[in-house]
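Based on the sequences and whatever the hints tell you, model everything.
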Amino acid sequence: MATLKNHILVPVDFSEQSQIALSQSFNLARLTKADLTLINVIDESFHLPFFSAKEDKTMEKKIQKALDKVAEEASHEVGIKVNTLVVKGKVYEEVQKAAKKLKCSFVVMGTNGSVGLKKFIGSNALRVIREAPCPVITIKGKKHRPGCKNIVLPLDLTKETKEKVSKAIEIANLFGSTINLVSVLTTDDEFIVNKLKRQMHQVHEFIVEHNIPCTIEFLHGSEVPEEIVGYSKKIKADLIMIMTQEELTWTDIMFISSSAQQIINESEIPVLSVRPKEKKTPQHLYFSTNAKITPTNEQKIPNRKNSDPVRFF
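Each number in our numbering comes from the position in the sequence shown (counting from 1) with 1 added on.
These aren't lab readings, by the way, just hints derived from the structure by calculation. Keep in mind that this is a model prediction, so the values were computed, not measured. What you were told as hints is all true, and nothing was included just to trick you.
Cross-link-like lysine-lysine pairs, in silico, DSS-like; alpha carbons within 27 Å at most: (1) Lys163 x Lys196; (2) Lys102 x Lys66; (3) Lys34 x Lys66; (4) Lys66 x Lys98; (5) Lys98 x Lys34; (6) Lys104 x Lys70; (7) Lys101 x Lys89; (8) Lys58 x Lys102; (9) Lys91 x Lys58; (10) Lys196 x Lys168; (11) Lys82 x Lys102; (12) Lys234 x Lys198; (13) Lys34 x Lys144; (14) Lys163 x Lys104.
Next up, the structure:
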């Protein structure tokens, strides 16, 4: 398993929600032995033009002082190095630029709650998720979660890639989590249902072979995001992991699916968004329905003449 990079970026705007996001980042930082960097972006779109240069400088100093205080308190609580960064610009642009420069392993950011959520998600969080070079954890709920016992991993195996499953295993190893595989059946077509079930069990076997506890759940419904969020609440999940873009097209257009947006929008449970690595053509793993999945054969493509191939995450 690849070693995680050692930097976590947390946008801080001094709101209660950003403080909750910061608190949630502590365990992740401890377990990955990461440094924390707190970033505050002075959004120039809200800049008051009648401020003088001196007043601008005074405001920046006040923000830097306040951020340094938050960092000092965080460092004392978590026992690791906490850095600060105050910049001007558009929030989503500066966050993704900082994440790239620092080679971050994660961005952990709060959302503004139910009233301003859609505006915030549309203008900042979704853009950060789409453009950041690393996974992004968005936190809307007010509940602090000290650990991560249950991870919900929704799979639509006609679209998902191996990356999400690998990242789930990585996180589960860090926290000692159980991975709960869930798929929403939106059709009664026997062929599709059976194919999906076969593939889900293959994913289950793959995860168990990595010594991770794993469950499988099939839900029935037409509203996939609602079913996933509802199931996550039911089992008291600590994290929902999603792939933010559907498979890459021939033109390499990256986008966040409507289902992913809705889950991020509605979930009170933290959501970890994983962006697939860029590839010039869609690539998938194939296995026969009888193939045994092991770390040594997971890249093999069975002979289609002698097996019934199915697409595997």
